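Produce the entire structure from the sequences given, and follow the hints as far as they go.
Number of protein chains: 4
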Amino acid sequence: MEQALRVCIYGATGYTGIELLRILAHHHYVRIVSAVSRTYAGKHISDLLPYFSNSYLSKVPLSEEPQEDFDLAFLCLPHETSLELTPTLLEKGKSVIDLSGAYRISRGELYPEFYGFEHTHKELLNFAVYGLPEIFRNSIKGARLVANPGCYPTVALLSLYPFLREGVDFDSIIVDAISGVSGAGRKTTQHFHYPEMEQNIMAYSVQKHRHTPEMEDVIKRLSRRDIKVRFTPKVVPASRGMLSTVYIPTQEKRIRDLFYETYKEEKFVKVVQEPPMTKHVIGTNMCLIYPYYDERTDTAVVISAIDNLGKGASSQAVQNMNIMMGIDESAGIENLPLFP
Amino acid sequence: MEQALRVCIYGATGYTGIELLRILAHHHYVRIVSAVSRTYAGKHISDLLPYFSNSYLSKVPLSEEPQEDFDLAFLCLPHETSLELTPTLLEKGKSVIDLSGAYRISRGELYPEFYGFEHTHKELLNFAVYGLPEIFRNSIKGARLVANPGCYPTVALLSLYPFLREGVDFDSIIVDAISGVSGAGRKTTQHFHYPEMEQNIMAYSVQKHRHTPEMEDVIKRLSRRDIKVRFTPKVVPASRGMLSTVYIPTQEKRIRDLFYETYKEEKFVKVVQEPPMTKHVIGTNMCLIYPYYDERTDTAVVISAIDNLGKGASSQAVQNMNIMMGIDESAGIENLPLFP
Amino acid sequence: MEQALRVCIYGATGYTGIELLRILAHHHYVRIVSAVSRTYAGKHISDLLPYFSNSYLSKVPLSEEPQEDFDLAFLCLPHETSLELTPTLLEKGKSVIDLSGAYRISRGELYPEFYGFEHTHKELLNFAVYGLPEIFRNSIKGARLVANPGCYPTVALLSLYPFLREGVDFDSIIVDAISGVSGAGRKTTQHFHYPEMEQNIMAYSVQKHRHTPEMEDVIKRLSRRDIKVRFTPKVVPASRGMLSTVYIPTQEKRIRDLFYETYKEEKFVKVVQEPPMTKHVIGTNMCLIYPYYDERTDTAVVISAIDNLGKGASSQAVQNMNIMMGIDESAGIENLPLFP
Amino acid sequence: MEQALRVCIYGATGYTGIELLRILAHHHYVRIVSAVSRTYAGKHISDLLPYFSNSYLSKVPLSEEPQEDFDLAFLCLPHETSLELTPTLLEKGKSVIDLSGAYRISRGELYPEFYGFEHTHKELLNFAVYGLPEIFRNSIKGARLVANPGCYPTVALLSLYPFLREGVDFDSIIVDAISGVSGAGRKTTQHFHYPEMEQNIMAYSVQKHRHTPEMEDVIKRLSRRDIKVRFTPKVVPASRGMLSTVYIPTQEKRIRDLFYETYKEEKFVKVVQEPPMTKHVIGTNMCLIYPYYDERTDTAVVISAIDNLGKGASSQAVQNMNIMMGIDESAGIENLPLFP
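Protein chains in written order, with full-length UniProt numbering: chain A, 1 to 340; chain B, 1 to 340; chain C, 1 to 340; chain D, 1 to 340.
No lab work stands behind these hints: they were computed from the structure. The model shown is predicted, which means the values in this text are computed figures rather than measured ones. A couple of the hints might just be wrong.
Claimed, not checked - Listed next, with one range per pair, are the computed distances between beta-carbon atoms: (1) A:Arg-137 <-> D:Ser-330: 34 to 42 Å; (2) D:Glu-64 <-> A:Asp-257: 33 to 41 Å; (3) A:Thr-120 <-> B:Gln-190: 49 to 57 Å.
All residues carry an ideal CB built from backbone N, CA and C; glycine is no exception.
Here it is in structure tokens:
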């Protein structure tokens, strides 16, 4: 394994970090050389997650700083920490895949409103490549800094891309999406305490959500138009999984063709015959899409399922790594979901 | 209890029937005299549900036909069975609250398309009163036949009524709603087998659902306009609960006032300050509504929570019974949800 | 309601406090006059739980100290806080029902080992009555201080009582019991964060649990013998519910008779024909017990179900209050479970 | 892949069959050439499970009979079907791994009582090897017929083996074990309908369970003693996962050493420092074991976790296949659990 890509995971003990550990533990071309975790520094991965005891990872210590030199870093960090760490890593010649939102929106002036801080490295916003491979694959090849998309923007943009690519005319977009609880992260909260979340269904961030400008930004880049997105996220009693419904009023009726054509070569985006279920994608890098044109209301309805921690975060980050590094794009992320 | 209202429940061992048993077991003005169940005829209620052993209901046998004379029947039956049974009961002088869809849609010609049968008693469709008390209370008083609304129409129409009542102008309606699994009934299916439904999120009946014409029918009665509804139901891993999001493109911005004004006297519909959660309404007759006007997209977004078996079915049926019979409207349905 | 019993709930916003609010909101002979909550002092109950908006409770403020004079206090407090508050309340002439463990174990010398503090009011340990009505009803009548039993001891002791009452000979007891997550309280923890507890099953406190000496203490009082209990608690993905299995090696085979005889007059303890399920008792004060004698291994196996927050905590506290105050024992706690 | 082992899965669309498909889809030395399913004959795997669309398996048709010649069969069939099919397959020179109970118990005379049928091939009961590799690895090597253990016996026997191997003296065994719902199979039932199983905890088959004689049979083979097992299975709201607690009254206190010594070379059985959680083993072939000696009651308490469909069924079947065929024992079954 001398020639393996040496990888460091910052924030290794949050959900996206743990998912990266799981995926990369068996990735043939990668060796995790450092796992950074402030919370658990001093422990070993297998102290927290005993099932790693058979893996070489069990010997990788959790530490406050990287313990060995590396080629590429995954940042599973708070937005502001990623913001500041990224330029330093780039200067040192590392490649960076940032799973936070720090470099996702090209319009840096939106950060104060949506992220609560001034963006201090606006010069990097155009250097960063938005890591949605089915749309931006060519730019990802050879990129040094990839901004890994948010979970909602991933599923929503994959649901919208065939329209945008084809120049279909429409004026409004509603994204109504349901997430499993892990999308809110590992930090405990009262609402997500097991007894309170069981059998609970709720909307949140109805008035403002960080993923709205992220969607709009990419839509504008693809369509040159300022289309506003009405986005309503919900959370339900499921650990993982994300189901999005996108509504577009349009006269374009041939939408199944549009979707088949757009994704016919894609391994991780599949157009399906029946509305998809999240159970079929959990633990995978798949996005299943069901496009439907409702003639009664002249509305395109696109229903799509991903794993918020898979295609919506960590396995997509690995897909980006594979593309950046010229590795087979599906290496390490071909696994199938558990059923049931 | 000589003077109690004598009630018969047809279909007593499905979910809406069992919920009626639970509610009516402690209703001061009601005595359940018969419980009809083909599946479990010959058994007693407490054979199936041992927690009824302290109740007088434990002695009520489950039978194929009613065992005693009664004043009012709740029909928790398949649509076609309700359709045929209702006229017979009315002729015998009984009052009827039908929880099926057999008498909900005033336009009888829609039944073949949406219910798969010809409506054989169209003459009763205008005789039946649509049992949404907050909208049709006056008609329910003294009605002989109440068509108890579907769960989705209940929550959607309560979300729309303030606009319709006020004559707010709009042209399209999207109803995107999430239900607990009990909404699909007690009959087992592969999808709803526990191991397959755990951690699963899915849309269903995306192309056609019986509740769409039911919503449109009431909207037309209230607005005199033919507005089509785009309706997308989803199901998530929760036994009970329903969360609806209604989207209306409109210039009318004062929607919170509209909602407060409409529901200020209502005991079971409350306008809330934060998006509601279903946990707060399960087991109750409450509907919590959060109206929000999104100025970015000129869209009214109304998020509402009910218990699909409560306000969406059985407790609303009891509310209707109370109104029909001149009993205090909230008798028997004031209970609070379990938390957690 | 002039003559109503005036009640104060200390710790009103934890799970046992909220459950007391739910039950007592509709109790005919009780008025909650104060609700103490340090965490939420200054708010109103309906700020936290909007479904209380129809109740008189919505106007009861949450406060650091009681706002009105009262007759009886429920203490839903940490053990040490209850320990110190109780004597003060008794001196002021209040009746006290303590839901903590501070006064449950008659042998005060066990507190340092099992609770981590020295018991500073040992003189009250014999004054306190152990509030398991089916065993100690006569002592509860007229008691001033009732120590409300732990959830596991409630279900285990009800499973053991017929043996102890009859003087059946045995030497060892295994209690293997499964709890819903709410038994661990409302404070968030990593393990009980929704995404981590979903689909998770685990044992905890295997080496030492506070409820072990509580069980042994009562067993000794009833049998005059020092029988050690081997107790293994587990937690599973359910908000509420507790299922206990008690194993006793014995030659006594007629155990169903023993159980029927013991509980034949009891309203809240029912001997059932099939192993019980927790779904049938959630939200209620019921205990369903299934006693079975295994002739292959000469072992009595007793399987029992309660709601850990009901008969295991708050509804049992109300049962105790009813008995103490000479109210009908089942007032306010006759409600039935939701099904499903 | 010319040289790959050609495998046929009978009963490919039940839970153990689907789990085998998932595991073997990526097994380097195996090619699934036939998938037998009566229920879905005529369809393709990816019609049922769209996530197989990228795999060569998507082209394997589901059929009533095998479509191609094969070397080894996995039988995921009803007991009686396996019973009759096995001799036929053996005669044709196939190797067989039977996941049913048809060949697990060496004492054929127990079948009528526990399985409800007369065993018609008793001559094969000693030919069959009990497929618990950590105990019978040497016999599995080169076996033609492996009886893959039941889920409960797997976890219970791994919890007992160190005592039996060492000849520790004891007279009674209690096995109290909790399973996820998938253990009951894919066939829908009223109890396991999602709305009824949510938040439900129950014991079942308390008086008699097929896995009891299976445990006793292996215990006798290992200890030459007739020790009866008291076994109480429970089911809780989880799709997968199994947590077993074994109680053995004994004076042998050094049990942690015993367990470490027994399993020190094993890759799939790990002795852990804290009571294990099922979340850490779901989707894997791991068994985590926590042995504890309770000095208060002179009882060994062994708590162990497996995935009932993994080490308790399909991944253990693959482990057996690897051993039978001389493949690396862990090939294809090294995957890690999803967390969360």
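Structure-based check of each hint:
{"no.": "1", "hint": "A:Arg-137 <-> D:Ser-330: 34 to 42 Å", "result": "35 Å, holds"}
{"no.": "2", "hint": "D:Glu-64 <-> A:Asp-257: 33 to 41 Å", "result": "36 Å, holds"}
{"no.": "3", "hint": "A:Thr-120 <-> B:Gln-190: 49 to 57 Å", "result": "54 Å, holds"}
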